[in-house]
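*Asks:* Protein sequences appear in the order of chains A and B.
If you use our numbering, the first sequence corresponds to residues 15 to 300, in order.
If you use our numbering, the second sequence corresponds to residues 121 to 1090, in order.
In case anyone wonders, no lab produced these hints; they're calculated from the structure.
C-beta: ideal position from N, C-alpha, C; glycine also.
Accuracy of the hints is not assured; some may be wrong.
One-sided and incomplete, this derived list gives chain B residues near chain A with beta-carbon spacing under 8 Å [to be verified]:
id	residue
1	E125
2	N129
3	V136
4	F149
5	E893
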Amino acid sequence: MTSTPSRTAERAELIRGLGALCERPDRASERIADVLNLPEPDPVEHTDLFVQQLPPYASVYLDEAGKIGGEARDRIAGFWRAMHLTPPPEPDHLASLLFLWASISDQAVSERDPERRSLLEHAAMALVREHVASWLPPYLTRVNELSERYRSWASLVAAVVEDTLVTARGTDALPVHLAVEPRSPEGPIDLVAFLLTPVRSGMILTRADLKRAAGELGLAIRVGERAFVLRSLLEQDAGAITEWTADEARRQADLYASASFAPAIAAEWSRRASRTRDLIAPRSPD
Amino acid sequence: MSNGEANLNELGRRVVAARKEVEARGETFYPGPSRVHLASFPPKERWDDWVELDSRSWPDRVEKHYALVPTTCFNCESACGLLAYVDRETLQVRKFEGNPEHPGSRGRNCAKGPATINQVTDPDRILYPLKRAGERGEGKWVQVDWDVAVEEIAGRVRKAITDGRPNEVMYHVGRPGEDGFTERVMASWGVDGHNSHTNVCSSGARVGYELWMGIDRPSPDHANADVIYLISAHLETGHYFNPHAQRITEARERGAKLIVADVRLSNTATHADHWMSPYPGSEAAINLAIANHIIQTGRYDRDFVRRWWNWDRYLAAEHPEQPQTFESFEKILPDLYSAYTFEYAAAESGVEAGTLRDVADLIAGAGTRLSTHNWRSAAAGNLGGWQVSRTLFLLNALLGAVATPGGTHPNAWNKFVPKPIHSPPHPPVWNELTWPLEYPLAMHELSYLLPHFLEDGRGKVDVYFTRVYNPVWTNPDGFSWIETLSDESKVGLHVALTPTWNETAYFADYILPMGLSSERHDIHSYEQYDGQWVGFRQPVLREVRQRAGEQVTDTREVNPGEVWEENEFWIDLSWRIDPDGSLGIRQYHESRAHPGEKLGVDEYYEWIFENSVPGLPEAAREEGLTPLEYMRRYGAFEVRRGVGQIHEHLVPDSELDDIGEDPFGRVYTKSAKPPDPNVVPLSSPDPDAEGRRPCGVRIDGEVRRGFPTPSGKLEFYSSTLVDWGWGEHATPGYIPSHIHPSNLEDGQMPLISTFRLPVQIHTRSANSKWLDEIAHTNPLWIHPVDAQRLDVETGDLVRVATEIGYFVVKAWVTEGIRPGVVACSHHMGRWKLTDQGQNQAMATVELDHADRRWGLKRKKGTGPYESSDPDTQRIWWTDVGVHQNLTFGVQPDPISGQHCWHQAVTVVKAAPDDTYGDIWVDTARSREVYSRWLALTRSASAVSPDGTRRPYWFLRPLKPDRDVYTLPNR
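Let's have the full structure, built from the sequences with the hints guiding it.
*Replies:* Put into structure tokens, the structure is as follows:
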């Protein structure tokens, strides 16, 4: 068998380096960005992107509650345990996942027993498919939109993931996180939770998005968590904000449909966003 | 930008190259918080100038610049790595945190590590040499110069040596410092004066392990075990607490099962999948029932037993009529322990037979991933306690879980003691005050019997060093120690080397202030996983100043007050004992580079790190450092990882020169032992009749390294015990304890006194405010059933009567103790006679003494007080516990010599005039207890098979010359 890219030590180091870049900027990330010809990390932009807008935790995008933790994180922690590793405090943080991927790849590279090496490669692929590629299409698409500085980083991460996934094309089953049809909103109260839970709505509504909505609709933006902000916008003009959201769902569906990697998974996100548009559009005054 | 595969590969290569380049400079490529390694540590390349915001200046953002200097913790024996944060402006240590470069502790510490700062800044600590001014124990002192003190001590030692009284010089150690350092100092003086505390500590457990392996400590690979079986409370309060606890926790997160046998619901037991609360002393019966189950169900590792047990010697000795084959042994084996049914063990232990069966099945299913550990606890509590560790290791030996991943390893294989710069010869004398004829099989000195031996008239001690040791408080029968230390005809000059005040120091002639964790040098290595590492303790301010270009030649220049480190002290003392070198002592304390000059600590460690630690010079060179600079910078070095089964190593042909072989396959060789920079203590089995040294054992036709036992195999059958008069214990067995129900009188119950409080450390943490705040008292654990019978509630005073006296303590009614048993931690009850001493965890007491009857009454507890440390104003507790050990007579196990701590006591409600903390003891009764236990022994004079005092192959901390092993008058 010829060596696939993910089976080289160099690729593992690249994956690790990309993981380090979504950590808080420091000397190491400056160094890595320099080596990779990426813009120098900026603490303010980093905080805005990874803390305020798009926290890089898989569970935020994959869990039914749309928050850090929950069943999605347990599932990912279970993967660490299955690899005989103690899950770190944040097993689903993108940096943790990329470090884990790199670590398994390193083990595979140094493993001499073909059977064990094959098992490790299989594990690396399972990690990428199930817990990394399952949420990165919408996530990286939105990073690309929201941060010019981190756009090329997102592009590199997408390229590395895609370069690995292409070796396993033909696997049609969706990742377990996306296997279950999402619950539709159950009444007006659940609507807010539905819209803010990516795995249910298929869309990612960031703080910046809500601010944009308020600006475009001439509504007042109140300071608080996203659910509070969205509720207050709905209270001000339910019709307008619902219509805006339906449009946003369609826009994100289109974006994901044209994502440059993991096409099957991206398509599922696009389908979910379209479904959201269909679910809420009739509720608009039009 | 194109992100095609070629581009990705090129980018990957660039990251690899950048990482190599950065790491070659000794820097960390991925520093900062790591989500993978659980912790966040300052990257090592910034240790010279680490910036943190000053918390006291909040909300202003004021930067504080620190130099981070590694050292190791001095509180328990684990020697976990610490990083001292030295303020670059004031050159003061501001705090201690974990050293991520330390392979044992991996940057994680228990509460005792960071609390080192309390000890360093302790407003009550001893900072200057003090000389007694009044009577011993009167509390009058004058500050003296070091020169005066050392000169007088040296003169006295010199006179003892030149007068032919070498056995009157004795060094009594509590917390060990550097492996072998003071043993070598004693050897250089030609005295057999080393006296360790081990017989009140771990000696019992060591005998069990030594008999099996020729190595007296276990190294359980908890992190990789599937089943962990602890007879003790190791996870939370035991030996190697932090390094083991973190690995046990990792194993449990992986799904490993934890079994804890502990009479109390300890913190460890609360984490257990199976907590067994056996009647104390029945642990060996439980182990044998588990062993019997493994044997009867055929789940032992047949091939391992065949290859590595000395079953052949057992058959030859016990069943010579049988065919001398493994099959014969296998036919006999099921009968050996068939009496140890679960029902029998249940009757002895009070643990239900069904539970024992569940535990046995779990253990049997662990295969080679069974890690076990016993230390102190039952082995230190009971008559015959050494059989607890011996029967525990039997389970590993049955399953082949010996030096396997997840199994139990011999500690010497997971430890690295680098060869020192000088190695003096074995001293040509034998000290019967520490190694009396009655205890030929004791693993360690009969240290706690010293008062009785002196009263017997067996000798005297002219110069007695207590070194970070407090026998008055720690040992049983403390009032006998006070009587002895007060009597100058028994102890001529008592020198207390201690960083802190303690009960023993009050009865000293000199108190010499020794350094704490960040104020002294030591090299350490401990068995904490299957690897070998070397840790380096250092005076951190010395290092900071040297980094700044200053030359520091004496640690007193940088330590607080005139606190000295021990290495420099011992070298200086040795020079003063032998100023012109005529006694042959000085040569072992001279520079190699400049013969005739005094050895300095830099040269001492330089030599070791350059010559005796494989891989260190290369690692240092890669960073452009000398080996010593590397150790001063990182504080630790991992020599090997994954040592594994050394007994399976094939002995190379180069070692098999003119070999001899006994009928059981023990192989001896004429070739010299290859040099080894690791001088970790190992047993030394005898050579054959032609003087060949044992080098291996033939297994299935091949010569393998084996174990350092007489047979070269694991000794299921101990010919040593048979030869030395204890044939009834030739194989692992069960000895009913002295507190077995059949040995108790009506109304008596066992008292368990061997457990620690997790955050305290014997006598030295008394002024650690942070630790004292967490734990500062030791109530009597008592089950509700017993409390109801005695009509006591939590907080009521009870009187606990032992054979020699009583103590008055508060009751704590809890279901966390087995009914019919009471327990009281030995970690509390510190006291002082005057206001002189430590004020945070010591009560001020009054001693009442008439003839041999002693009373101790508490005058006041602790409370807030003004000092240089504002924390002392925040002491909110008054209770500091009760000193129960004073009321215990000495109870030496006749084989191991271990003090059997468990006591048979009566517990009653306190009398109306009893007050909290009262102690009453009659030391005449202590003598009776001593005599009764001494009568259990079988003296070497009567049982020695070869005219020697002790089996030469046994480990001994300081081994004298072989000639003096011969019994007197032979």
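*Asks:* Now tell me if each hint is right for this structure.
*Replies:* Comparing the hints with the structure gives:
Hint on E125(B) holds. Least Cβ distance to chain A is approximately 6 Å, under the 8 Å limit. Interface restraint check: N129(B) against chain A, minimum CB-CB distance 6 Å, threshold 8 Å, status holds. At a threshold of 8 Å, the smallest CB-CB gap from V136(B) to chain A is about 5 Å, leaving the interface hint in force. Satisfaction of the interface hint for F149(B) is found here, the shortest Cβ-Cβ separation to chain A being roughly 6 Å, below the 8 Å cut-off.
With its C-beta approaching chain A no nearer than about 27 Å, E893(B) sits outside the 8 Å limit, and its interface hint is violated.
When the structure is compared with the earlier hints, a violation turns up for hint 5 alone.
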